[in-house]
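**Q** Below, each chain spelled out in residue letters.
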Amino acid sequence: MATQRTGAQIIWECLVHEGVSTVFGYPGGAILPAYDAMLDYPVKHVLVRHEQGASHMADGYARAGGGVGVAMATSGPGATNLVTGIATAMMDSVPMVCITGQVPSKLIGYDAFQETDITGITLPITKHSYLVTRVEDIMPAMKEAFVLAKSGRPGPVLVDITKDAQQAKIDWTWDPSPVKLRGYRPKLTVPQPEMASAVDLLAKSKRPVILAGQGILQSGAMKEVREFAERINAPVAMTLLGLGGFPASHPLHIGMMGMHGESWVNHAIQEADLLIALGMRFDDRVTGNIKTYAVNAKKIHIDIDPSEINKNVQADAAIVADLREALKDLLDVVKPANHEPWLTYIGSMKGTSAVHDIQALPDNGHLYAPHVINDIWRITEGKAIIATDVGQHQMWEAQYYHHELPRTLITSGGLGTMGFGLPAAIGAKMARPDAEVWAIVGDGGFQMTQAELSTAAQEGVKVNVAVINNGYLGMVRQWQEFFYDRRYAATPLRSPDFVKIAEAHGLLGLRVEKRPQVEDIVQQARKAEGTVLIDFRVEQEDSVYPMVPAGADLDAMIRRPQQTSVLVETAADQI
Amino acid sequence: MHHTLVALVEDKPGVLNRVASLFRRRAFNIESLTVGRTDVAGISRMTVVIDSDQVSAERVTAYLYKLVNVLQVEDLEEVPAVARDLALVKVAVAGHDRAHLLRVVDETRAHIVDSGEQTMTLEITGEPPHVDAVISRLEPLGIVEMVRTGRVAMRRGDTTLSAAQYS
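Chains Y and G supply the protein sequences, listed in that same order. Per the numbering used here, the first sequence starts with residue 1, numbered consecutively. Per the numbering used here, the second sequence starts with residue 1, numbered consecutively.
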């Protein structure tokens with residue numbers, strides 16, 4: 001039966017129908033009607049300290065929980081403050097719906113107070129967007145927004161709703177009919193001819209490498225990937241965003257690829273005769289110099305987004321489909337293979353190239369970030385959800401926190417957004433209240449969104465914040481060390497006393513300066529109620545190794561200088 | 001190399017902006033872009049001519065399909081197609097032998113659509129190279145104003161890019 005509803009009420013009716021239980025936001029003039037209506041609906045609102053925090057929290061919420069994250073803000077500056085979070089979600093294909101208030105429709109185009117063309121601003125960084133000026137259009141826009149955000153290749157959708165549309169009343173009932181978008185085709189059938197050539201390539205390969213990307217998490221294909229890898233007996237190399245999609249402890253897991261990937265992984269890719277790309281997009285951080293990338297390898301590329309096929313790397317078999325569906329079909333026909341010589345060869349590269357970098361760190365009484373992260377991994381048994389910022393600590397996290405489970409690493413891969421870690425961790429904790437959640441952040445990025453400590457305190461959520469504090473914008477400093485003759489322009493960073501910052505928020509703040517303290521302090525943080533911050537005072541000028549300089553060949557890696565063992569080069573052709 | 005892409009799009013606010021923004025964002029160069037109605041209400045047709053190789057044209061097509069309001073895209077470079085361009089050209093008449101002018105108009109199959117005391121306005125319609133050729137013949141007479149619609153195109157034969165299928 002139709003009842004009178006305001007546009008503002010319809011927004012919440014739609015959110016409730018979509019199963020939304022938490023919204024991250026910040027009120028303001030043009031979104032006030034929606035905030036007023038909110039009080040009558042069973043949706044939890046998390047008041048952030050800056051709208052960027054809202055979009056990152058919604059992002060972390062979606063990545064950790066697998067649902068759609070929702071952020072809300074007012075017009076003008078409220079909306080523009082969401083932008084970094086929207087771009088972050090777009091680059092990493094995160095399902096998110098952002099709802100913004102807009103000035104009354106009669107004022108659009110007149111440079112009204114707090115008016116901004118947010119649909120225009122976000123056009124290239126949203127999967128789609130809506131400017132809603134009539135109350136009747138709110139429900140269709142909301143329904144479409146959720147379908148678009150979570151289907152196909154997920155992404156952020158913006159719904160900008162004028163204040164008058166929120167205030168207007170209509171007779172309203174929920175329309176349960178499915179959304180019809182005639183220009184949108186997220187459901188793709190697995191192309192059979194391409195499947196046949198993929199099967200053929202798999203049968204011929206002697207040196208295959210599986211490249212495991214975030215598509216595994218998006219399509220929920222963990223089981224299928226594992227079965228596939230075991231069936232064809234191929235090593236599995238991970239992208240940054242793929243970490244957790246295949247268990248790190250699995251014997252076929254060889255580690256992360258790319259700019260800060262493991263040396264043996266990058267060598268294996270360069271020497272492979274077949275790459276099987278599963279839900280990944282051959283980002284430049286993954287390939288290095290594209291002209292010399294895996295030149296002897298055929299490529300099977302499985303991705304749900306047709307525009308990713310042949311974009312960076314030419315595919316010999318391109319399967320545009322949902323990864324899980326494609327793998328199920330492949331598993332029906334792919335024959336078991338044995339690649340023990342190839343796996344042994346990769347194992348030998350691993351054995352000689354790294355008695356792991358971490359063990360080559362000098363024992364000089366200083367605290368090293370890799371040690372800290374490795375200890376956190378050990379203490380949390382690899383089961384915590386870790387949200388990171390961007391930079392050195394992020395790469396060390398990827399190298400030394402060995403993720404066993406999907407959706408346990410939440411990191412800004414594509415956009416590389418500093419300030420992401422803390423709000424993403426808060427969002428992740430809201431989505432997975434039973435999980436242990438850590439934010440591993442640098443002293444630089446942390447200060448960009450540090451105000452969200454206040455949100456954590458107000459909400460009473462427990463996240464453990466590990467500030468990897470080296471007094472520099474570390475990754476930029478590392479590039480300056482390697483490529484700019486150690487001219488440290490604008491990278492030395494003076495920070496406040498982070499322990500006191502935590503205490504000022506009524507939170508527990510702890511400090512670690514020596515490695516033997518790590519275990520006790522980490523345990524103390526885990527046991528304490530509420531959010532805890534640990535200030536890890538680490539070696540100031542440590543660098544992340546190995547490193548493929550931007551644009552260099554994937555196997556041209558800068559290695560940790562102290563390391564004494566030398567990589568034994570064996571011609572891959574001999575096996 | 002030129003590629004002529006034809007796209008059926010939903011006639012909704014901002015669609016032209018979305019398409020144009022896509023070309024800008026992905027750094028493709030638009031030579032011409034026309035947009036107009038189809039036989040079906042609510043569906044518009046765009047013709048976009050880009051300067052690109054085959055691989056880039058395929059990329060653009062894939063990106064266009066990512067736009068929710070884009071219904072169908074066809075690259076007419078690979079198929080027989082008819083193309084038309086329309087130009088309105090205002091030429092100076094003063095100081096010219098009128099008979100010579102009229103002869104040029106006649107030979108080039110241009111139409112006189114308006115004439116003033118100092119100028120004459122001609123319409124030229126045809127395959128884009130034809131329009132180019134006529135314009136270069138008119139140049140010595142003194143062109144004082146010109147506008148071109150840009151290319152519109154359609155596949156030859158009975159194969160259709162039907163808007164009706166989306167109505």
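What the hints contain is simulated information worked out from the structure, not anything from laboratory work. Treat the hints loosely; a few may be bogus.
[Stated by the list, open to error] Pairwise CB distance ranges, derived in the manner of DEER restraints: (1) Y:Val43 - G:Ser167: 44 to 52 angstroms; (2) G:Glu31 - Y:Ser21: 46 to 54 angstroms; (3) G:Ile143 - Y:Ala489: 50 to 58 angstroms; (4) Y:Leu181 - G:Ala92: 48 to 56 angstroms; (5) G:Gly14 - Y:Val179: 42 to 50 angstroms; (6) Y:Asp553 - G:Glu78: 45 to 53 angstroms; (7) Y:Gly416 - G:Asn17: 46 to 54 angstroms.
Quantities reported herein were computed from a predicted structural model and do not represent experimental measurements. For each residue, glycine too, the CB sits at the ideal point set by N, CA and C.
**Q** Find the hints from earlier in the document that the structure breaks and name them by number, from lowest to highest.
**A** Of the numbered hints given earlier, those the structure breaks are 1, 5, 6, 7, listed in rising order.
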